[in-house]
Every structure is written in C-alpha cells, then in structure tokens.
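Participant: Now for the letters of each chain:
2 protein chains.
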Amino acid sequence: MNAEILFSYICSKRSYLCIGLDSDEEKIPRCLKEFEHPVYEFNKRIIDATIPYCVAYKPNLAFYECRGGAGLRDLELTIGYLRKHYPDIFLIADAKRGDIGNTSKMYARTFFEYFNFDAVTVAPYMGEDSVKPFLEFKNKFIILLALTSNPSASDFQYYTSKENKPLFKEVIDKSKSWGDIDNLIYVVGATKASMLKAIRKQIPAHFLLIPGIGAQGGDLNEVAKYGLNRRCGILVNASRSIIFAGKDENFAARAAFEAKKLQQQMEIILKDAKLIL
Amino acid sequence: MNAEILFSYICSKRSYLCIGLDSDEEKIPRCLKEFEHPVYEFNKRIIDATIPYCVAYKPNLAFYECRGGAGLRDLELTIGYLRKHYPDIFLIADAKRGDIGNTSKMYARTFFEYFNFDAVTVAPYMGEDSVKPFLEFKNKFIILLALTSNPSASDFQYYTSKENKPLFKEVIDKSKSWGDIDNLIYVVGATKASMLKAIRKQIPAHFLLIPGIGAQGGDLNEVAKYGLNRRCGILVNASRSIIFAGKDENFAARAAFEAKKLQQQMEIILKDAKLIL
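Chains as they are written, first to last, in this note's numbering: chain A, -1 to 275; chain B, -1 to 275.
Pulled out of the complex, with its shape left as it was, chain A reads as follows (with noise of 0.2 angstroms):
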C-alpha cells in the first residue's frame, strides 16, 4: 500500500469516505443477537452493503478491546472478510497507540503483522522514538494525530510557542521528515476545516485523515475546498451517522444509504477538481 495506489482506489470508487466501524455491541440491532458473533455479523453486513461507496473502513479498536478476546476475535473475522472479499480497500486500525520504542514495536507488530492492517492511529505526545518503529514496516502507514476533532482539542494542541506557532503545526513540521507521502498520514479534524488551508501550506502532498464529518458537525465541502490536493489526499470518515443510521433490520440498507450520500457528494468534488472524469 502506498499514496499511488491509495489515490487509484479513490478514483475508481469516486470516493474518499472513510467509514469507521464503531461497531458498539450495545447499539448493534436485536435481529442480529442470536448469531455466534454478532458484532462480526454487524460489520460484515455493514461491510456487503457500503463496500461501493468507501475507499477505507477504519475499526475503533476500543469497541473490540473492551469484550477481551472476544471482542478481538470480531476484530479478526472483520479483517479477514474484507480481505478475502475485498481485496482492493484501506484498512485503518483507530487505536491512537503510542510508547517508548521496544512497545511501539510490539504495537507495529500487533496491528500491521497479527491483524494485517495497512495503516493504523499513533499519538505524537512521545516523540519521535516513539513514532519510528511503525515506520520501518514496509507497506504500510501511520496516521499521526495533529489536529483531532473533539472540543478539548484546544487543551494542548493549541499550545503556543514564543514564535507564535501552535503544538500541532511543530507536530507536523518535526513528524514530515520522519517519513514520507506512501507511509505517513495526519489526522486533521473537520471541525476546524479553515485550518486546513495552512496545514496544507505545510504538508502539500501528505494524505490527511479528516474526522468530524456527521455525529461531529463538520462541512464536506469546506474540507474539499482547503485540503484537496492533486491525488485528492484527503480522507474523510464518518463512524455512527453511517453505521447506525438504521436501528432495525434496516441497518444495512440505511447504512449505505448514508454512505452513498457522501460517495455522491465526493463524486461532485472530484469531479469539479478534475481529479476524475
């Protein structure tokens, strides 16, 4: 997996939706509650149905961590299905990992080796050494948080150096050399869509990874105007506005219904870019 290949599914599905698989037990339909693994059932489902509409799915892996080795267990028959299914998709783990460097292996290991993800959440507060062992896997990415989208984002991310530069863009400028376009990405949350335009003035070419979109509140077409670049290179995802939109047998028909909505909206925008015909 790399940038080229990654814009290549963009332009073949003529979407940049990134759909995360928040898959709650607690929220997922009764229907579903007398197969063996219902949260594996729910995803796969969600999977049959949206698949046309998405480039990336992006499991929470705190809604798999918090039923043990079962709820892990889901988390490998989802990876698993989509990889036999479909072989032609982006698979992020949201984990949002980050420790001094002999555990950050172990993590590398656990989310791109044991489950076979292509990408997968790091939190930057531990530096560099901390960042590194997931970049000497080959293949694969780390999307580094820099702007996230929730309220308290302010707390630190804004923190303000003497030259007036907050926490987040030093993030950015430190991390870009650390890697490049085909394994790093940034998390830029859509919440704050007006700051893309000068993150972009740093990372030109880098994939960005934008929450906030749905449940969050942010505007698709703000965030194409400040973050497209000439392989698209954003990535938007939406989690709960997809995945439970319907609270009945309907869930998956609703599920893609929700997400051919935005396919539809990002189709407009790539096409208006130029970036598809």
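Hints should not be assumed to be uniformly reliable.
[To be verified] Derived CB-CB ranges, DEER-like:
#1 A:192 x B:134: 27 to 37 angstroms
#2 A:31 x B:219: 56 to 66 angstroms
#3 A:245 x B:134: 44 to 54 angstroms
#4 A:219 x B:81: 13 to 23 angstroms
#5 B:238 x A:34: 51 to 61 angstroms
#6 A:28 x B:196: 21 to 31 angstroms
Hints were generated in silico from the structure; no laboratory data involved. The C-beta atom is built at its ideal place from N, Cα and C for all residues, glycine as well.
Given chain A, put chain B in place with the hints provided.
Facilitator: For chain B alone, kept in the frame of chain A given last:
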C-alpha cells in the same frame, strides 16, 4: 482504591516498587513453552516470587494485544490470579490510551470494568474530554503522561510557550484540576530526576509513577531526593531488569533477587524519610 490505601500498601511492604509485566512471549524461558498458557504461567511465577517486594504490577498491553485474543486471555488470567491470591495490590494497565469522549469511555470500561484494573495510563494530547471519561469511575486512578523517560520525550513535551513553560508543565497545571490525589497520578520519567523538584512544587500531594529505573538507567536515590512527599508519593517501576533477569529455570528466583534488591534500597529510603519505622 485511593491514595491512602496505596500508602498503606507501601508502609506494609516497605517498598514503592511497581513491576512491569512486559511479558514478551519470545523472551520467556523455554521451560514454560509446554504449558497451555506460557505467558500466564510466566506471570504467575514472577508474581509468586516477587509479591513480597512490590506494591503494584503493571502489565504492558502491547505485549498481550500482539497475540490477539490469546494474549488478552493471558492478561485476564493474570489479573484473575492476582485478585484471588493477592488482594492488596495496585494493578495498573499500561495502555497509554486517549481518544474522543465516547471512545475514551469505552477504553475506561475496558480497563476498569472488563479487566478490573485499578488504574490505566492515559496520553494527554487530545485534552480534557479524552481524559474525563476515565475519571468518572469511582475508586479508580488514571495515570497521565507528563514527562516520559524515552529519549524523544523532548520532541514535544519540552515545547515551550512565550512564558518559557514547557508543555509537560502545562499538561500538569491544566489537568490537576480535572481530578484529585485520589484518582490522578502522573508519569514522570526517572531519567529526568532533577525535574521532579519543580514538578513537586506544582503537585506536592499527587502520586507519581516513575519509569526508567533499571534498563533505562534512572537512579533510585535521585528520584527519592526530589520525588518523596509525606505519603511517599512515588511508585518506581522496573520491568525488564526484573522479569527477564534470568533466562532459564531460575528466572523467578532471579526476578525475586532483583526485586528484593530494589525493595531493600527503598526500605532504607523510607526509613530515612521517617515514613516507616
């Protein structure tokens, strides 16, 4: 669990040692490979041998997650064994989590409810709303990363404001009002022992979790000199230097030997500080 109970453990064990269970399957002695759960077997024997010398154990999640469900099963068995046989012990999940609110809540449930830990390490980058969900659990601690012991800690933790204040101090100042001494502990690396003096001015009463002794080179007396308060106020962690001190059948005895050496130094320090008789 609260700070008073933790101090009572310290007085009774005459130790403030925390042992990190970074139980890398590839490093555990061959003689354990025949067991059904070699990593659990390893932990059990390490625990039985070292329990007289420590007040806390700190499994490092990376070393369990890397084997998926089987690894988490080893973790569950280890916690279950500790809770059954040694109820008076402080159990820390070294997980360094941190995500938006609803995800952090799920991580909190994972470590506090599903696994029954007393405490979990949390990364501050995403700010208050990523930390608060952990603090809502009664009788549990979060252990927030402030100043870590790895070489690249300086990349962002020393990022300095106009007022010449490094980020790690801002993390402490801002977060200390989110909780209190009974639910909030800070990670401060032993490799920066002299900085403990200034940190003690910021947070005189909080417990600190201090990694970096042993394999990472920190000094126990330096740490005590600057870190001790009137309820001890420090937990010093050692992981690999204890659990992998021996490589053969002697591994548990060697671990006990190394743990006892640290406990004896700690006993002298605690007596000198008149915290125990």
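Participant: Take the hints in turn and mark each one as holding or not.
Facilitator: Going down the list of hints, with the structure as the test:
1. With their beta carbons about 33 angstroms apart, residue 192 of chain A and residue 134 of chain B fall inside the hinted range of 27 to 37 angstroms.
2. Distance hint check: the CB atoms of residue 31 of chain A and residue 219 of chain B are about 58 angstroms apart, consistent with the given range 56 to 66 angstroms.
3. Separation of residue 245 of chain A from residue 134 of chain B is about 26 angstroms and departs from the stated range, judged on CB atoms against 44 to 54 angstroms.
4. At about 53 angstroms, the beta-carbon gap between residue 219 of chain A and residue 81 of chain B misses the expected band of 13 to 23 angstroms.
5. Taking the beta carbon of each, residue 238 of chain B and residue 34 of chain A are about 40 angstroms apart, not inside 51 to 61 angstroms as hinted.
6. Against the hinted window of 21 to 31 angstroms, the Cβ-Cβ separation of residue 28 of chain A and residue 196 of chain B comes to about 56 angstroms, which falls outside the hint.
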